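Using the sequences provided together with the hints, build the complete structure.
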Amino acid sequence: MRTVGPWMMGVAGIALWGCGETPDSGGAGPAHDPHGGGGTFTRVSGDIELFVEYPHQIAGVESEEPWDIYLTRVEGWQPVADAGVTLVVYGPPGGRQEIEAVPETPGLYMVSPTIPSEGHWHAEVELSIGGRDYVIGTGEFEVFASEEDVHVHAGHGHAGDEADAHAGHDHADDEADTHAGHDHAGDEAATHAGHDHAEGPAVDEPDPHAGHGHAEGEAAAGLITLPKQEQWSFPFEVAAAEEREIPASIPVPGELVAPPGGLVHVSSPVAGRISVDGPSVGPGDRVRADQTLALIAPTSLNNSYARTRADVQEARLEADRAERLFAAGAIPERRLLEAQRNLEVALAAFEAIGGRADGGGEEEADPGLYYLRSPIDGVVAVRDVPPGAQVEMGEHAFTVVNASTLWFVARVPARYASETRRIRGAWFTVEGGATTYTSRRVLSIGNTIDPSSRTLAVRFGIPNSSGALKVGMLAEGHILLDDPEPGVAVPASAIQDENNLPVIYVMLTGDTFERRVVTTGPSDGSWTIVSSGIASGEHVVTVGAYQVNLAALGVVAPAHDHAH
47 MRTVGPWMMG
57 VAGIALWGCG
67 ETPDSGGAGP
77 AHDPHGGGGT
87 FTRVSGDIEL
97 FVEYPHQIAG
107 VESEEPWDIY
117 LTRVEGWQPV
127 ADAGVTLVVY
137 GPPGGRQEIE
147 AVPETPGLYM
157 VSPTIPSEGH
167 WHAEVELSIG
177 GRDYVIGTGE
187 FEVFASEEDV
197 HVHAGHGHAG
207 DEADAHAGHD
217 HADDEADTHA
227 GHDHAGDEAA
237 THAGHDHAEG
247 PAVDEPDPHA
257 GHGHAEGEAA
267 AGLITLPKQE
277 QWSFPFEVAA
287 AEEREIPASI
297 PVPGELVAPP
307 GGLVHVSSPV
317 AGRISVDGPS
327 VGPGDRVRAD
337 QTLALIAPTS
347 LNNSYARTRA
357 DVQEARLEAD
367 RAERLFAAGA
377 IPERRLLEAQ
387 RNLEVALAAF
397 EAIGGRADGG
407 GEEEADPGLY
417 YLRSPIDGVV
427 AVRDVPPGAQ
437 VEMGEHAFTV
447 VNASTLWFVA
457 RVPARYASET
467 RRIRGAWFTV
477 EGGATTYTSR
487 RVLSIGNTID
497 PSSRTLAVRF
507 GIPNSSGALK
517 VGMLAEGHIL
527 LDDPEPGVAV
537 PASAIQDENN
547 LPVIYVMLTG
557 DTFERRVVTT
567 GPSDGSWTIV
577 SSGIASGEHV
587 VTVGAYQVNL
597 AALGVVAPAH
607 DHAH
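Going from the sequence shown to the working numbering is simple: count from 1 and add 46.
Think of the hints as simulated: they come from the structure by calculation, not from any bench.
Worth double-checking, as some hints may not be accurate.
[To be verified] Simulated crosslink set (SDA-like; lysine to any residue; CA at most 20 Å straight-line): (1) LYS516 x ASP423; (2) LYS516 x THR481; (3) LYS516 x ALA304; (4) LYS516 x GLY479; (5) LYS516 x ARG461; (6) LYS516 x PRO325; (7) LYS516 x GLY307; (8) LYS516 x ARG332; (9) LYS516 x GLY440; (10) LYS516 x GLY375; (11) LYS516 x PRO305; (12) LYS516 x THR494; (13) LYS516 x VAL455; (14) LYS516 x VAL426; (15) LYS516 x GLU544; (16) LYS516 x ILE422; (17) LYS516 x ASP543; (18) LYS516 x VAL310; (19) LYS516 x SER450; (20) LYS516 x THR482; (21) LYS516 x ARG505; (22) LYS516 x LEU596; (23) LYS516 x ASP331; (24) LYS516 x GLU301; (25) LYS516 x ARG429; (26) LYS516 x VAL425; (27) LYS516 x VAL333.
[Said to hold, decoys possible] Beta-carbon label-pair distances, calculated as ranges: (28) GLY492 x THR451: 17 to 23 Å; (29) SER464 x MET439: 47 to 53 Å; (30) PRO329 x THR565: 44 to 50 Å; (31) PRO497 x ASP323: 49 to 55 Å; (32) SER464 x SER511: 33 to 39 Å; (33) GLY330 x THR565: 43 to 49 Å.
Please read these numbers as outputs of a predicted model, since none were measured by experiment.
All C-beta atoms, glycine included, are put in the ideal place defined by N, C-alpha and C.
What follows is the structure, given as structure tokens:
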């Protein structure tokens, strides 16, 4: 709409959220200007958010400006295009009109009704989207006899009268009868049933300004306007604050390490030269257990791989010969046992340098080469021996990591060591990332305080099938304890750190937001208790808060000027 005054934020424009209802804003003080009498409705029904801006209405006169109806698909927060939109209004005495809205731009539909008589009328919007029908009750609005009545209404600040006009109204039955057969979205039939409106915000609706604990000067900072078209242009999401129970937690630093057997250093058991004709396995390559990493041509004449392998072959031949002779009665049993013992010694020496008694399926391979193999499935992290290089016995050649499961090693400050018996899990984020990882698998709790860091190590198992977590990453986390604490909670992503203050952005109407400094409590990584600054049922920005903050810096809409 081209001219939208602060009447948007008066009680005349009640924002209806889900099952509960929240006033648009401006519960304190006059909420009207010379253009008064219009307002807004905001409603979420299933996967659709409806936001309506309407001007003041004069009986028998077509709206000077159209009603703007914005439709947003909640998942992905994108405009709903190609929808069938009908505005339905009904009021005294039994009047009813249906006006089809026309699409202006994707997601925006406009309609200009002519209301025949003055008084309090009720509006709802019928939608047809992708073969599904919605009937969304929005709320009541006032139709004036003349422009003079509009100015009188605005000048006297009839917020209280507007509220009283709704007191005790119950449209549930009327709506249900009028729209029998429609697919109402759960809570839509009883939009105003039994509401007892008092002066200012309705008593049964959460007051967006009550108990917020604003920082000094915060309340006077004004509201933030972010038009729907801008919201649709970047990633954006909102979620409702709700009652939850979240365990108490201990903040801890930590790191990600590989479990035993998850990281192996492969060294050369023989001195020699890396064959240029061998495998070209390098960092980042995935390998299987027993896969050849490199071929080594031994250069030492004593205890070399080739010499030891030859000893095995010779001992095996001698043992086979002794068995035949013993079977023929040509030698005593003592000679047979001696030959078998010599074979066992030769095999042990061969296996000690990485040889395989069964030949590893490479009987036809060059017996003069040593096959350096990976002991585990994993990914090559380091290769220190390029083809053609000379290696010494015991020199490091490869590092192989299997990171399918990692350990989060939390460093619990010594002062909390006595609390570790109550541990029930942990959550953490890694450096440079915002994704939260959780674990309920406590592997071990240390028994010794590290004297240098004054911390106690607690280890948690972390599945890592995606490979997003890397060995050696540093992390910041929380250890969760038992005895959960109840309270109003918001998604953890809704809480922004602004100058070391926890801040949330509350959606008051479809395009109006308020910045609030809050007091936070326990968090499980996904949800955080907010002990002051938010009421259950209010909607907070979980994705796109930075853009709302930018809008606050550039265009701030104070309570007396809600201009578009």
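Look at the Cβ atoms of PRO329 and THR565 and judge whether their distance stays inside 44 to 50 Å. Hint holds: Cβ distance 48 Å, inside 44 to 50 Å.
Would the pair LYS516 and ARG332 pass a check requiring their Cα atoms to be no farther apart than 20 Å? Holds, because 15 Å separates the two Cα atoms, which is no more than 20 Å.
Does LYS516 pair with GLY375 here, judged by a C-alpha cut-off of 20 Å? violated, 64 Å
Are LYS516 and GLY479 close enough, with their CA atoms no more than 20 Å apart? holds, 12 Å
If you draw a straight line from the CA of LYS516 to the CA of ARG505, is it 20 Å or shorter? holds, 16 Å
A range of 47 to 53 Å was offered for this pair. Does it hold for the Cβ distance of SER464 and MET439? Check passed, 50 Å falls within 47 to 53 Å.
Does the alpha-carbon distance linking LYS516 and VAL455 stay inside the 20 Å limit? holds, 13 Å
Given hint PRO325 paired with LYS516 - CA-CA distance at most 20 Å: violated, 26 Å
Holds or violated: LYS516 with THR494, Cα cutoff 20 Å? The hint is violated at about 27 Å.
Holds or violated: are the alpha carbons of LYS516 and ASP543 at most 20 Å from each other? Judged against 20 Å, a Cα distance of about 26 Å means the pair is violated.
Has the given pair, LYS516 with ASP331, been kept, meaning a C-alpha gap of at most 20 Å? Between LYS516 and ASP331 the Cα gap is close to 15 Å, so the pair holds against 20 Å.
Hint consistency between LYS516 and LEU596 [alpha-carbon to alpha-carbon, up to 20 Å]: At roughly 34 Å apart (the allowed maximum being 20 Å), LEU596 and LYS516 break the hint.
The structure fails hints 5, 6, 9, 10, 12, 15, 17 and 22 (numbered hints given earlier, in ascending order).
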